[in-house]
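Participant: Residues per chain, in single letters:
Protein chains: 4
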Amino acid sequence: MIVVFEQGADKSRVDHVVTLIREMGLREHVIVGTERTVVACIGDERKMDIERVENVPGVEKVMPVLAPYKMASREVKKDRSVVPMGGTLGASAGGKKIALIAGPCSVEDRVKLLEVAHAVKEAGATALRGGAFKPRTSPYAFQGMGEKGLEILAEAREQTGLAVVTEVMSIEQVPLVAKYADVFQVGARNMQNYNLLWAVGEQKKTVLLKRGLSATLEEFMLAAEYVMSRGNSNVILCERGIRTFESYCRNTLPLAIVPEVHRISHLPIIVDPSQGTGHAHLVPDMCRASVACGADGLIIECHSDPEHALTDGAQSITPQGLKSLMVSLRKIAAAVDRDI
Amino acid sequence: MIVVFEQGADKSRVDHVVTLIREMGLREHVIVGTERTVVACIGDERKMDIERVENVPGVEKVMPVLAPYKMASREVKKDRSVVPMGGTLGASAGGKKIALIAGPCSVEDRVKLLEVAHAVKEAGATALRGGAFKPRTSPYAFQGMGEKGLEILAEAREQTGLAVVTEVMSIEQVPLVAKYADVFQVGARNMQNYNLLWAVGEQKKTVLLKRGLSATLEEFMLAAEYVMSRGNSNVILCERGIRTFESYCRNTLPLAIVPEVHRISHLPIIVDPSQGTGHAHLVPDMCRASVACGADGLIIECHSDPEHALTDGAQSITPQGLKSLMVSLRKIAAAVDRDI
Amino acid sequence: MIVVFEQGADKSRVDHVVTLIREMGLREHVIVGTERTVVACIGDERKMDIERVENVPGVEKVMPVLAPYKMASREVKKDRSVVPMGGTLGASAGGKKIALIAGPCSVEDRVKLLEVAHAVKEAGATALRGGAFKPRTSPYAFQGMGEKGLEILAEAREQTGLAVVTEVMSIEQVPLVAKYADVFQVGARNMQNYNLLWAVGEQKKTVLLKRGLSATLEEFMLAAEYVMSRGNSNVILCERGIRTFESYCRNTLPLAIVPEVHRISHLPIIVDPSQGTGHAHLVPDMCRASVACGADGLIIECHSDPEHALTDGAQSITPQGLKSLMVSLRKIAAAVDRDI
Amino acid sequence: MIVVFEQGADKSRVDHVVTLIREMGLREHVIVGTERTVVACIGDERKMDIERVENVPGVEKVMPVLAPYKMASREVKKDRSVVPMGGTLGASAGGKKIALIAGPCSVEDRVKLLEVAHAVKEAGATALRGGAFKPRTSPYAFQGMGEKGLEILAEAREQTGLAVVTEVMSIEQVPLVAKYADVFQVGARNMQNYNLLWAVGEQKKTVLLKRGLSATLEEFMLAAEYVMSRGNSNVILCERGIRTFESYCRNTLPLAIVPEVHRISHLPIIVDPSQGTGHAHLVPDMCRASVACGADGLIIECHSDPEHALTDGAQSITPQGLKSLMVSLRKIAAAVDRDI
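Chains as they are written, first to last, in the numbering used here: chain A, 1 to 340; chain B, 1 to 340; chain C, 1 to 340; chain D, 1 to 340.
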């Protein structure tokens, strides 16, 4: 942590900060520059309360040196984590094989779900996505089938061996979702629902954590840290687009986060090009781009009849479209020494 | 709802959309323009599934005409709502009197909390803020005193008559918080935690709903609608800053939302200049600006010893600072025909 | 400047950075922490090439300590600058009196311009705004009257004594605009048109510099520094809204910049609530908020017949509206110890 | 254009809008809905002044139906344009072959420039980038070598056959740059410097137009339209990252714009992953992603000694790095039926 003082700050202010630093069990290094005095702290600054130092009169700014997360950091674990997803097809994220998770936005009908599950498996998916509890912007919109939807997902796993990935929206739903699903998805709107993060951190199943619409990378890593700090290290990060001024797409999909996460963390990161763009016609190209830049997986909305989908049909591609997309994805994966 | 077709879209596409519109119980109006065909829907488009229409091949875009919220809209209630806050000092938001809610970011110590409560009351506040459950970006940071903090807040109300405003972070906390608090605060990170919104909508106390960091105004209104749709109309909206590229402040405080909410809704809107800027030195001027543009209240972090505050000291002003701020706030309130 | 090394960075990397620092005429201070090595530079870091240091393998990040601007900084001039604007009414920005600049978006008609000029003067304005050269998003839109418009503005000054503020869009226009105008406005889209900044820095008239739509505060100050570094210190900063995800307004108006500029700079800052919101119905409240938070002036689009305005009528208020707005502005100005 | 009226808007307001529509040579279609009245305009709405209609009291909002650009639109030209770039290697953008433009951020030294030119040619580039006039945020930073730099670039073309791509910052520089360069680059900060756009539209050489940091896609297309409307159709669009709240990268690179531009326009679009991320370690993966999603070219900063580069070394890769990057780029290009 580096403390920068205002020009001409009184020596007593500096002494006060030094006292604070020592109180917190760190050591200080005072540097009197030509224009400013700067104090560097030595020790584990994560123990320090930055705001307390920021409040000292005469302090201009405080700049952290260390990242505030630990368990999610690559500094504590150099090797990339391979996170298992369940099912009987060996689904996992983080290894050489790129995970393909596909399925409808929400579960709407047993027959259709089973049909799409078989179709995405045939196209190459190892996991099935589908919402039984749906976070909807409007209270008047379809909110999901609930437990009935979970049962249908479990039946699809039985028939296909696909791992089941589904969203959990609140703590009360955790036991219910655990009964049926293999992977708990925490949605973008709940990325900083800390009580929910703790709850999924206290159970054993893998957590697929979606980035919040305006979450910084540091906040995203700290959300993973919330889960991991309760004992569950099986976290898969998922980029699903951020909110910007852009209007030709529902969200802006910032793919540079993929190599950046690989640089700072051992956790796998997958991409959701369906939510990340909001338009089916942009999905195939963004799938290709994601694989090309090193994504550990894709989660794709796929619906056999997008026009009649009750939620997010606009961003769904058909199983047929997925199958033909796989042709180029396999070549691109090979180009970056991966399989899909 | 207006459906715009692609240039040269086939008539069969248009007919298909017309069928969909009729299926949903609306009537259509087909307009064949020089470059495009456009179909206007007549009836309550809130019943329609926009995405289903967006998915029809040949549809370029679909533009909603009506706002998707109803109970929060000014169209259903022309008069501004005056929302009571509790306590014995007549605290409320939305009337001629501007609500002043002040207190520490989090409850940290009984003696200090009681001291600051008396001080803010003396300065003119009618409600006391203070967190017992604190949403923190890092799992390693101080998370609040929990029930012990709530007890202290209730004791402060007993002594001062101030209404108690405090955050609820999850459904399980609702009964506990209800036992002690007057107003449930739903924080920015939980603005789209829909299960929580329903839970606070099903109880009777007033809800102070903070805008999410990247929530659009429509999403903000729909979050209020979630609460109201469960029977609780006592909602106070709170602008607390949005996330942008700006870096001299923690958040960007967009005050134009105040007159805009007054135009489209009957609900009161207050401003949080402490969270909204992140720096104590910007708070007084932003309080003045908020009152000048018509805010129905202010919620201000106030701490007798900001330097030692465990959370958010950087954005706290002292009770003394608050008192001197009130001098100009009273004059500005008078200039816009309000009291504070 | 603080150089932070990666965990476990080789000593040879640190030595290399030390050599670079000395080559640039600064001194270094090496701090070996428990997790990282950090090097602090002593001397005027503005001379240093940060990117060169960032490129050294093993360097994690480089954090500047000093602001990169000087002439615009409050550190070189503690007193606030009062910048004259011309005309015969004593127009200026930065003193106790708040500058009121009003007029149409663009000059469209001699008779109407003269009429509105008299009206805004009567309402209390000391300067007249009006575009003769208009930057338009579309090449097919009305681009302004050019020199003819400038002549009309000058005639209005003759009749009223109002200072004339008008936009200059390119270097070639500088002599022409100088012939008629009192204040050169550099628009938001040209805030980083450095050749234009130099050109207006080399002449003597006051420059009203609008913030770019996505310019950081530092970039804004550096744009002022471009002008000042060529000899012209008469710069008025103008906040006119930034681009964010918000859609109920054309731009998001971040008023906290007003007190922040006063903290870091001696230059005056005014606010443009017309461009800053894009809607006439939001303008009066944002004028009030601007004055309340300390703005040194307002620049307002005012049109006697907004509905027929060729540009930006949507954000124009009428002279009558301006006059009634002044009643509350005067009271608010008095509350913050200013006049208008 | 669709005009939506406020609830309960007076019939006289509707009649007035109808009059305006007819005055502008269009026809109207009035639809009286259950909650609102809506008027659709028939004819070329680009002739209409939207703001004039927005200003009519009682109008809630006006929604355009048609895109405001024409020459850049795919509706006027279905086939993709192949834009020549000059040099003797057949450089062009928009065809099956992906353009590779590489070179240093700025020209700094004759020997080094010639060296890097030969190296990038060998790696597969057909065009050389390098700035002789550099837009710099600070007036105190290196501003480029000017004409001397242009001479060196021309010498490099002579030796290698590479097309020369270089930035033009102001109208005065146009003849000078035209003397030496093959392609005029208009930088992100000048994307809405309309006078400059006209000037490059009036000469014959190809224009590489970079997207502004906060330009919408529509504004970007309209900037291209500015150039094309003056007779120069040889425009190459370039995505170089936008400004968002993200801080791990200098800019956020939104690749979904590539397929979207291909959908709406016939112009080629290339990507600048160097500016688009700001960090050399993110460049290779973003190059791979760009090619995978269909980019018509890449413009990459490449420097033989990035650590000593006077500008933007942090985002430069070495010629050696470029060469090894090409191995995977060729495979990815083949996967999407392109060459590089």
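None of these hints come from the bench; they were simulated from the model. Each hint should be verified, as a subset may be incorrect.
Identical chains share a label here; the pair holds if one copy fits it or two copies do between them.
List of simulated lysine-lysine pairs, DSS-like, C-alpha gap at most 30 Å [stated by the list, open to error]:
1) 70 / 331
2) 205 / 331
3) 11 / 179
4) 112 / 205
5) 323 / 78
6) 331 / 47
7) 331 / 179
8) 11 / 77
9) 179 / 78
10) 323 / 61
11) 78 / 148
12) 323 / 204
13) 61 / 331
14) 47 / 112
15) 78 / 61
16) 77 / 148
Participant: Taking the hints in turn, state whether each one holds.
Facilitator: Comparing the hints with the structure gives:
Taking identical chains as interchangeable, the C-alpha atoms of residue 70 and residue 331 are never at most 30 Å apart, the minima being 36 Å within one chain and 37 Å between chains. Neither within a single protomer nor between protomers do residue 205 and residue 331 lie at most 30 Å apart by alpha-carbon distance, with minima of 32 Å and 37 Å respectively. For a Cα distance limit of 30 Å, the shortest separation of residue 11 from residue 179 qualifies neither inside one copy, at 62 Å, nor across copies, at 49 Å. In this homomeric assembly, residue 112 and residue 205 come within 30 Å of each other (Cα to Cα) only inside a single copy, at 27 Å, whereas the closest approach across copies is 43 Å.
Taking the closest pair of Cα atoms, residue 323 and residue 78 come within 30 Å of each other only across two copies (28 Å); inside a single copy the shortest separation is 35 Å, beyond that limit. For the homomeric pair residue 331 and residue 47, neither the shortest alpha-carbon distance inside one copy (48 Å) nor that between copies (44 Å) is at most 30 Å. Proximity of residue 331 and residue 179 under a CA criterion of 30 Å is satisfied in neither setting, with 38 Å inside one chain copy and 44 Å between copies. Within a single copy, residue 11 and residue 77 get their C-alpha atoms only as close as 42 Å, which misses the 30 Å cut-off; across copies the closest is 23 Å, which meets it.
In this homomeric assembly, residue 179 and residue 78 never come within 30 Å of each other (Cα to Cα): the closest approach is 34 Å inside a single copy and 49 Å across copies. In this assembly of identical chains, residue 323 and residue 61 lie within 30 Å of each other by CA distance solely across copies; the values are 27 Å between and 54 Å within a copy. Proximity of residue 78 to residue 148 under the C-alpha cut-off of 30 Å is found in neither arrangement, the shortest distances being 42 Å within a copy and 42 Å between copies. Neither within a single protomer nor between protomers do residue 323 and residue 204 lie at most 30 Å apart by alpha-carbon distance, with minima of 33 Å and 45 Å respectively.
Within a single copy, residue 61 and residue 331 get their C-alpha atoms no closer than 49 Å, and across copies no closer than 34 Å, so neither meets the 30 Å cut-off. For the homomeric pair residue 47 and residue 112, the shortest alpha-carbon distance between copies (24 Å) is at most 30 Å, but the shortest distance inside one copy (53 Å) is not. Taking identical chains as interchangeable, the C-alpha atoms of residue 78 and residue 61 lie at most 30 Å apart only when they sit on different chains, with a minimum of 20 Å there against 32 Å within one chain. With identical chains, the CA atoms of residue 77 and residue 148 are never at most 30 Å apart, being 40 Å at best within one copy and 39 Å at best between copies.
Hint compliance for this structure: hints 1, 2, 3, 6, 7, 9, 11, 12, 13, 16 are broken, all remaining hints hold.
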